[in-house]
Amino acid sequence: MSLAYERKLTPEESKDLTHHLEICFMCRNFDSQLKFLHTAAERFRTSDT
Amino acid sequence: MTDPRFAQIESHRPYLVRYALSQLRDSQLAEEAVQEALLSALESLSNFEGKSSLRTWLTSILRFKVIDLQRRAVSDRTHLEPTDFAAETGDDAWLDDLFDETGHWSVAPQAWSNPEAALEQRRFWETFERCLDRLPAAGGRVFFKREIAGEETETICKEEGITASNCWVILHRARLSLRACLEMSWFGKEA
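The listed protein sequences derive, respectively, from chains A and B.
Take the first sequence: its letter number 4 is residue 25 in my numbering, and every next letter is one higher.
Take the second sequence: its letter number 26 is residue 780 in my numbering, and every next letter is one higher.
Isolated chain A (complex conformation) (with noise of 0.2 Å):
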């Protein structure tokens, strides 16, 4: 998952990605608390509060 913001994967380990997810709730949270992190950090770097 953390791979997948440096690198785009290959179809195969996206399909494998997509499978896994779909099958572990605790990979999907922890793949929706990577997204937050990124939106944090992008915030972050522009914000003015």
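It should be emphasised that the hints constitute simulated quantities derived from the structure, not laboratory data.
These stretches of chain A come out as covered by chain B in the derived footprint (C-beta under 8 Å, 3 or more residues):
#1 24-38
#2 49-55
#3 58-69
Positions of the beta carbon are idealized from the N, C-alpha and C atoms, including for glycine.
Knowing the structure of chain A, use the given hints to seat chain B on it.
Just chain B now, kept in the frame of chain A:
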């Protein structure tokens, strides 16, 4: 009367120091770069048209100061040696306990309740910065460059003298660490 934007500019100092530190790896040089950047910003405040955020504008000024200091450091032969990543990442060994011997989660990540709302709260950002401070030095620096400064992995590898796969591992561990810190310090309390 003092321009209120002076205080606004000063409020970005901690972020700017963090940025400079990620690039220079030397707190004294980082402070120096930020000081010079803030002085330049104050002198050219009238040029700031608000097309980008103030933080983005200040960072762009700082970027030039950092490059200038890096050049000076190279010419003075005082630039830092390549990082000893093994030594700098040694204090996040606890992350291995997050997974069992089969590589599965030992403690299941719980869903965070309405995380987007946290982005609007000043106290969340204080927590976020504290968690960034707790990252191991190398991990924090690489994470800052990649996720906050938005540098390409290739550039980071070159600057840090590491391989891409090493960089990915460092970033992954930094994300795990930051996630765990936020869960413990913010989202755990919210639940």
